[in-house]
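J.: In case you want the letters, here they are:
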Amino acid sequence: MPQTAPKNVGIQIQLSLAYPAFRLEVDLDLPGRGVTALFGHSGSGKTTLLRCLAGLERAPQARIHVNGQCWQDGRHFVPTHKRALGYVFQEASLFPHLSVRKNLTFGQPASKDKTELEAMAERLGIAHLLDREPERLSGGERQRVAIARALLTRPQILLMDEPLAALDLKRKQEILPYLERLHDELEIPLVYVSHSPDEVARLADHLVLMNEGQVVASGPLQETLARIDLPAAFADDAGVVLDTTLGAHDEEDRLSRLDFPGGHLFVSQQSRPIGHKLRCRIHARDVSLALEKQHDTSILNLVPAHVTGYADTDNPANVLVRLDASGTPLLARITRRSLRILDLQPGKPVWAQIKAVALLD
Amino acid sequence: MLLTDNDLQAIWLTVRLAGIVTLILLVIGTPIAWWLARSRSWWKGPVGAVVALPLVLPPSVLGFYLLLAMGPNGPVGKFTDWLGLGALPFTFWGLVIASVFYSLPFMVQPVQNAFEAMGERPLEAAATLRASPLAAFFKVALPLALPGFLTAGILTFAHTVGEFGVVLMIGGNIPGVTRVASVQIYDHVEALEYLHAHRLSAVMLVFSFLVLLALYVWRPDSKKA
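Note that the protein sequences, when read in sequence, are chains A and B.
The UniProt record's numbering numbers the first residue of the first sequence as 1 and each following residue consecutively.
The UniProt record's numbering numbers the first residue of the second sequence as 1 and each following residue consecutively.
What you were told as hints is all true, and nothing was included just to trick you.
Label-pair distances were calculated between CB atoms; the ranges are:
1) B:VAL206 with A:ALA166: 47 to 53 angstroms
2) B:PRO75 with A:GLN90: 49 to 55 angstroms
3) B:TRP12 with A:GLU122: 57 to 63 angstroms
4) B:ALA191 with A:PRO96: 53 to 59 angstroms
5) A:ALA165 with B:PRO75: 54 to 60 angstroms
6) A:PRO79 with B:VAL61: 41 to 47 angstroms
7) A:ALA166 with B:ALA52: 36 to 42 angstroms
No lab work stands behind these hints, which were simulated from the structure alone.
Because the structure is a prediction, the values reported are computed rather than measured.
Built from N, CA and C at the ideal position, the CB exists for glycine as well.
Please model the complete structure; the sequences and the hints are all you need to start from.
T.: This is the structure we're talking about:
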């Protein structure tokens with residue numbers, strides 16, 4: 001296993017773990033800030049990797065460093081309770097014999113700062129639930145208590161194992177805004193295991209793609225999503241994520257303009273102030289290509305770009321074309337026939353016609 | 001007075017014996033149950049089987065081996081002799097030790113089941129909240145397993161109250177020292193004192209019923225937890 005020197009920032013993980021029918025082999029260097037998503041199908045090893053990072057699972061030869069602290073190497077294994085981490089399980093795993101308040105203070109440092117507890121409860125919208133028993137909470141409420149409980153330990157890293165997977169769509173919608181706020185406010189790195197492309201697109205800054213115990217790709221979200229050389233991890237959900245700034249409102253047509261380095265997009269009017277940061281997602285299936293700028297079209301969002309490459313998709317009739325719009329990568333899914341007829345070779349200038357923009361905030 | 005002084009003495013002795021045995025087994029049985037519930041060791045099978053032996057072994061067999069072990073020529077007997085305690089058979093503490101073996105599965109198995117039903121997750125959650133293994137045990141595992149402990153405590157107490165064969169082998173029939181209620185009833189019947197036997201038996205019957213009633217009334221609670 002290659003030995004890189006531990007750094008003072010970021011998370012370095014090198015481990016190898018063999019099970020009878022499965023082998024986890026990982027060498028990762030993750031950023032020390034922001035949200036890292038571990039994405040993959042079930043059985044890809046992402047949860048096991050997270051459990052090793054937390055010390056809940058023990059990989060014998062692993063090396064794990066978090067922001068300069070050694071959590072495991074050849075000689076040392078720091079047990080879970082001595083690692084400055086917060087962990088949110090898929091099921092909230094609240095202690096059923098303790099009230100919400102006592103669950104929250106369970107891991108709080110000895111000072112049991114009451115203001116801190118109340119501020120945290122306020123932040124996660126559970127202030128009115130403090131004296132309830134966990135079994136009288138909804139799934140979404142439980143998960144929010146679990147997140148607050150983890151944060152109250154003042155962790156240096158927050159680990160989340162599919163915190164939304166056990167919830168129905170309505171409950172998910174109820175928690176996502178809180179997670180998005182964490183994403184914006186949290187000073188510590190968050191490692192988030194998920195198999196939902198939507199959650200990844202909303203929350204992640206850094207993406208790790210896993211498949212059968214191997215890391216397939218690891219990089220900044222935008223770049224990694226726009227890679228076409230990867231196995232079709234997102235399949236029909238292939239697309240890019242853009243971080244945009246709200247540039248202008250058009251009161252007459254009820255539209256808002258979102259600016260990004262490669263151009264701008266019009267979306268239905270947003271009730272946010274100018275300058276607000278908005279993340280949006282453009283599916284490859286919603287992008288078509290034209291060689292000339294179309295004027296007689298109902299599609300509003302036309303972005304000039306040039307082709308940088310293309311790759312096969314699951315469907316042999318389609319190809320995935322990668323574009324560059326002044327530095328911003330885009331993906332378009334078109335037919336193989338269109339590729340041939342338009343003769344889309346790398347370097348060729350095109351107009352990307354964007355039919356739909358999904359706002360993620 | 002319905003019961004004779006000897007009856008009362010026997011009942012008091014029985015209660016004392018069962019109480020002490022239950023307390024000792026709480027201390028000894030809990031770690032065994034914990035280990036059996038969580039270990040992945042190969043030894044789990046054999047140890048579990050040994051713990052369960054008193055369930056199927058005739059009490060006289062258990063009593064016979066304990067008598068040999070604790071007797072003046074047995075290993076335990078030599079040890080207690082060396083300590084200056086003398087031989088344990090036909091003493092109250094001999095009876096306590098024998099009863100601890102005899103009632104061991106009644107303490108270990110319900111507690112083990114409670115620990116197993118709890119699963120790893122609450123302890124993992126506690127560890128991610130900075131609780132040391134010991135703190136996690138006392139703050140999470142014990143409270144969650146409380147219904148199991150209640151069941152185990154009641155069963156252990158009741159089972160010790162009901163023992164007979166082991167007492168006869170180890171303790172004999174010494175008033176105030178080893179003559180427990182079940183032996184006292186046997187004595188009454190031997191002496192054809194059927195009225196006394198009736199009364200003491202009725203006490204035992206009511207006691208046993210109340211114990212089981214308590215267990216069955218508690219059951220919904222244990223399910224909730």
